[in-house]
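Undergrad: Read off the chains here:
Protein chains: 2
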Amino acid sequence: MAKRTKTGKRPPQREPKPERQAASKKDSGKSVAQNGRTLTAADLAKQLREISISEFFTKNRHLLGFDNPKRALLTTVKEAVDNALDACEDAGVLPTLIVDVQPTDREDRFRVRVEDNGPGIVRNQVGRIFGKLLYGSKFHRLKMSRGQQGIGISAAGMYGHLTTGQPVAIISQTKAGAAAHYFEVVIDTKTNEPKILKEEKITWNGHTGTSVQIELEAEFHRGRWGVDEYLRQTVVANPHVSITYHSPDKQTLEFERATDVLPREPKEIKPHPHGIELGMLIQMLQETRARTVHGFLHSEFSRVSARNAAEICEKAGISEDSRPGNIARREADALLMAIRETKLRNPPLDCISPIGEEQILAGLKSSIEADLYECVTRSPAIYRGIPFLIEAAIAYGGNLPADKPARLMRFANRVPLLYQTGGCVITQSVAALNWRQYNVDQPTGSLPVGPLVLLIHIASPWVPFTSESKEAVADYPEIEKEITLALQECARKLRVFLSRRRRHAEEQRKRQHIEKYIPFIGEALQGILEFGDGERTRLVRQLTELLEKSRKG
Amino acid sequence: MAKRTKTGKRPPQREPKPERQAASKKDSGKSVAQNGRTLTAADLAKQLREISISEFFTKNRHLLGFDNPKRALLTTVKEAVDNALDACEDAGVLPTLIVDVQPTDREDRFRVRVEDNGPGIVRNQVGRIFGKLLYGSKFHRLKMSRGQQGIGISAAGMYGHLTTGQPVAIISQTKAGAAAHYFEVVIDTKTNEPKILKEEKITWNGHTGTSVQIELEAEFHRGRWGVDEYLRQTVVANPHVSITYHSPDKQTLEFERATDVLPREPKEIKPHPHGIELGMLIQMLQETRARTVHGFLHSEFSRVSARNAAEICEKAGISEDSRPGNIARREADALLMAIRETKLRNPPLDCISPIGEEQILAGLKSSIEADLYECVTRSPAIYRGIPFLIEAAIAYGGNLPADKPARLMRFANRVPLLYQTGGCVITQSVAALNWRQYNVDQPTGSLPVGPLVLLIHIASPWVPFTSESKEAVADYPEIEKEITLALQECARKLRVFLSRRRRHAEEQRKRQHIEKYIPFIGEALQGILEFGDGERTRLVRQLTELLEKSRKG
Numbered sequence: 001m002a003k004r005t006k007t008g009k010r011p012p013q014r015e016p017k018p019e020r021q022a023a024s025k026k027d028s029g030k031s032v033a034q035n036g037r038t039l040t041a042a043d044l045a046k047q048l049r050e051i052s053i054s055e056f057f058t059k060n061r062h063l064l065g066f067d068n069p070k071r072a073l074l075t076t077v078k079e080a081v082d083n084a085l086d087a088c089e090d091a092g093v094l095p096t097l098i099v100d101v102q103p104t105d106r107e108d109r110f111r112v113r114v115e116d117n118g119p120g121i122v123r124n125q126v127g128r129i130f131g132k133l134l135y136g137s138k139f140h141r142l143k144m145s146r147g148q149q150g151i152g153i154s155a156a157g158m159y160g161h162l163t164t165g166q167p168v169a170i171i172s173q174t175k176a177g178a179a180a181h182y183f184e185v186v187i188d189t190k191t192n193e194p195k196i197l198k199e200e201k202i203t204w205n206g207h208t209g210t211s212v213q214i215e216l217e218a219e220f221h222r223g224r225w226g227v228d229e230y231l232r233q234t235v236v237a238n239p240h241v242s243i244t245y246h247s248p249d250k251q252t253l254e255f256e257r258a259t260d261v262l263p264r265e266p267k268e269i270k271p272h273p274h275g276i277e278l279g280m281l282i283q284m285l286q287e288t289r290a291r292t293v294h295g296f297l298h299s300e301f302s303r304v305s306a307r308n309a310a311e312i313c314e315k316a317g318i319s320e321d322s323r324p325g326n327i328a329r330r331e332a333d334a335l336l337m338a339i340r341e342t343k344l345r346n347p348p349l350d351c352i353s354p355i356g357e358e359q360i361l362a363g364l365k366s367s368i369e370a371d372l373y374e375c376v377t378r379s380p381a382i383y384r385g386i387p388f389l390i391e392a393a394i395a396y397g398g399n400l401p402a403d404k405p406a407r408l409m410r411f412a413n414r415v416p417l418l419y420q421t422g423g424c425v426i427t428q429s430v431a432a433l434n435w436r437q438y439n440v441d442q443p444t445g446s447l448p449v450g451p452l453v454l455l456i457h458i459a460s461p462w463v464p465f466t467s468e469s470k471e472a473v474a475d476y477p478e479i480e481k482e483i484t485l486a487l488q489e490c491a492r493k494l495r496v497f498l499s500r501r502r503r504h505a506e507e508q509r510k511r512q513h514i515e516k517y518i519p520f521i522g523e524a525l526q527g528i529l530e531f532g533d534g535e536r537t538r539l540v541r542q543l544t545e546l547l548e549k550s551r552k553g
Numbered sequence: 001m002a003k004r005t006k007t008g009k010r011p012p013q014r015e016p017k018p019e020r021q022a023a024s025k026k027d028s029g030k031s032v033a034q035n036g037r038t039l040t041a042a043d044l045a046k047q048l049r050e051i052s053i054s055e056f057f058t059k060n061r062h063l064l065g066f067d068n069p070k071r072a073l074l075t076t077v078k079e080a081v082d083n084a085l086d087a088c089e090d091a092g093v094l095p096t097l098i099v100d101v102q103p104t105d106r107e108d109r110f111r112v113r114v115e116d117n118g119p120g121i122v123r124n125q126v127g128r129i130f131g132k133l134l135y136g137s138k139f140h141r142l143k144m145s146r147g148q149q150g151i152g153i154s155a156a157g158m159y160g161h162l163t164t165g166q167p168v169a170i171i172s173q174t175k176a177g178a179a180a181h182y183f184e185v186v187i188d189t190k191t192n193e194p195k196i197l198k199e200e201k202i203t204w205n206g207h208t209g210t211s212v213q214i215e216l217e218a219e220f221h222r223g224r225w226g227v228d229e230y231l232r233q234t235v236v237a238n239p240h241v242s243i244t245y246h247s248p249d250k251q252t253l254e255f256e257r258a259t260d261v262l263p264r265e266p267k268e269i270k271p272h273p274h275g276i277e278l279g280m281l282i283q284m285l286q287e288t289r290a291r292t293v294h295g296f297l298h299s300e301f302s303r304v305s306a307r308n309a310a311e312i313c314e315k316a317g318i319s320e321d322s323r324p325g326n327i328a329r330r331e332a333d334a335l336l337m338a339i340r341e342t343k344l345r346n347p348p349l350d351c352i353s354p355i356g357e358e359q360i361l362a363g364l365k366s367s368i369e370a371d372l373y374e375c376v377t378r379s380p381a382i383y384r385g386i387p388f389l390i391e392a393a394i395a396y397g398g399n400l401p402a403d404k405p406a407r408l409m410r411f412a413n414r415v416p417l418l419y420q421t422g423g424c425v426i427t428q429s430v431a432a433l434n435w436r437q438y439n440v441d442q443p444t445g446s447l448p449v450g451p452l453v454l455l456i457h458i459a460s461p462w463v464p465f466t467s468e469s470k471e472a473v474a475d476y477p478e479i480e481k482e483i484t485l486a487l488q489e490c491a492r493k494l495r496v497f498l499s500r501r502r503r504h505a506e507e508q509r510k511r512q513h514i515e516k517y518i519p520f521i522g523e524a525l526q527g528i529l530e531f532g533d534g535e536r537t538r539l540v541r542q543l544t545e546l547l548e549k550s551r552k553g
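Which chain is which? The protein sequence lines are A and B, in order. Following the working numbering, the numbering of the first sequence begins with 1 at its first residue and continues without gaps. Following the working numbering, the numbering of the second sequence begins with 1 at its first residue and continues without gaps.
One or more of the hints may lead you astray.
[Stated by the list, open to error] From the structure, some residues in chain B lie toward chain A, with a derived Cβ separation under 8 Å: (1) His62; (2) Val122; (3) Gly165; (4) Ala178; (5) Lys198; (6) Asn326; (7) Ser467.
Derived from the structure by calculation, the hints contain no laboratory data. Ideal placement from N, C-alpha and C gives every residue a C-beta, glycine not left out.
Produce the complete structure using the sequences and hints provided.
TA: Written out as structure tokens, the structure reads:
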């Protein structure tokens, strides 16, 4: 079917049609409408319409994590918990959450309520936060946080409204001791604007905080993708959080905080010039308040010293004093080339707040019984100009199942990722590592098999998720490399542990063997050398000690 | 860390902290701000901002298939070709495309141009089609087409502008013989609105059509994820298409059409009531032009006969003559329950246009040399009220590599899917099938291994993709089931072929064995019975025939 002409070589394929025949057919298609279809450009134009972002995500709600009722329940809890934790931490408050999933009179509908002790939400923002997609505080800054897109919680509310017709119910109190506000909000999917159906003052908890309630079509279940598991993993990565969970089957789980120290607050950073693209650079040049290109480079980016800025201008052949607004596209292009050729310090790393080895190990030990715990926090690295950091931990042995694939816990900015395991660079990196080299079984290209739990955390001011549901991390090679390095470091310690254990087991075996025979040797020597029973006992003891010593030496 | 109270049982986990201590810590977090952070609700409110959809996708461009320069090139070609093919088919024209990928003076930048012989685009729509995300003709209708979201081509233009600062250049001619229009368009990412930088009349081809040119940062390569492979697979699934491809290394590939019959035009359909949700139903009730609920049900949905509509109203306890606009939420809920309980005919199937067994086999045979070709077109099935259809084909043997995993070609609405293989329900279904049962090697949970090519096509008025880049299909259980059934049907035929071939090979072996010995038997008998050489030859022949006959019987 395919054929190269001109300088091309013939591809190794069959030719079903001689060229001339095809050429005539090509012509035949040009003007004659077929099958009675004769739509003109004007006809087609009539069908064109704008699509609101809410309509888009209503129809594509699997992109947001609402493809089935099981997952919808988890996604809703997750979005509400993420928001609550972010708000508390931003305000410097140790988070105390109530997660309440209640059945309704219809078995396919549940009421999810998440309450926090954060700072609350000011009145005039409530509508847009819960009733407008793409609205939030985290998108336009480079700062590590759980939420980043301004979609999650309004999408959950939209799904709830779509499936049950019920609005999102919000209580917010921004001042301790003052009145709280109660709101009912829905999203107008045609315009992506909030509609506030009800607003009233109420008396609430006494302290500040927010409560969000969403009724939705859902399915409740325990296990690997359940709310229980999500919360359990959440407290492993967030030992400073306290959560009370009331499940639909009338049980209550109390997750108590294991530390009362808040994680170090990650700093907001400016973009690093090595991650910038031409279009972005042009836009920043137009919008900057800096009066000179030198000032622009120095002030709008991280890690551009005054000397670096001068060097870049010189390389680009642009005067340091040029006004940024006057830089033409060609000059911007030269500027970008100069930036890329200039050696700059890596982005600052205080924008990342790792969980930390101590906390991870504490979290693992409190939830998993094993013989070996190891943890590695890597130094930060860079993808597309954005810093990120990988932490990896393993737990091995104990009563973990020995004949099953390792259990993998994935985290991004302290949030557990439960879905889309296969499509995540974390899973792919674990499967790509050669575990047999570390004495762990592994079917080719799959997760290792053994009494093993793996925990991987990626922390970054911008985690590249593979979809809006934020359940899997995209496979940037830099990220894969860091995960692999972290895993290798853990796996090496595991190998040492395993060989020591094997050596120890072997020694035990040999020792038992020798111990078993020494008394007979003692008896034989007693017969030959004719000494008493006391002498024999002493001899046996000495022989045992001697052998033991020689083995240890 | 976790502990159940009330009716709950203790989970099998360790308790790191006694309850009292934790309780006191819980209190300590409530009001005291830590780490010097004391952001109030008002402080947090100041950080809130609206996010334009273009900003969102600029930052998340991996969602659209622009995560690296290799993939960016393919995605750009793909979006332009999809649009061109849709336009031609909508107008009833046999598509004749030119795909031109040219190098520029910078080795990391390419110029992609795709030209079609479709109906062209009317002047006042050009800006929005190429300079506004979420604008298109295909989102608001349920009709099978390649594009569906109104994102693709403007996203490609946005990426091009972002990386090279160049606008999208469009030529459109809507009337043969008249003048064509030339446009240069960019997208304003802050507002998601088009800016037309240039517009002028030019003399062009003479016939109607559209040409789109995008300059972008990209990387050119051949092979599995290259433009060549994409176009090659495109013509397998679209034998009515003719494409001329000029590659950056000065080669030209001609893909000539193998048929001059356009695929049957898929019909636009109305939603099927069994896929509807409460929120959607309420919205439709508000917007309908129907004057009664009975009329609403009958006219706004597919497959609701007058009798069905009456039955639904009765079950819901709603008068048939009620005005749709007056239906309250509770009544709508009752209506939805009644709809779900009412048996309705499946959605109409003429909304799907399969490639067809004959065309698929022709496509496969023209590009792959094998010993066996099999193809199955399933009957349409339904997910979430939306019809879809699966086609599967296999090619086996020939000079395909015997020791490698099967090559899998995935298609959605005739478009080849090259990326995100692992995250696609098609791949997952292939790997989940037990191929050993069909005498094909398979590492557990992986693709089968052998001289095997698999082709799977999903056709639907709404394909549920896992991301906006439309490279993988979401795993709805109904879809997985249909793929499995189609594969099983092909695999059964393969098993028959393989056992026949094995039997044949064995027969060959036996036959050779016997043939080898018959002459000796002949000689032996000649010695015993003393007849001439002619007699011996006859005997040998008869013996051979006899043995052969007995084997066949």
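Undergrad: Which earlier hints turn out false for this structure, listed by number in ascending order?
TA: Hints 4, 5 and 6 not satisfied by this model.
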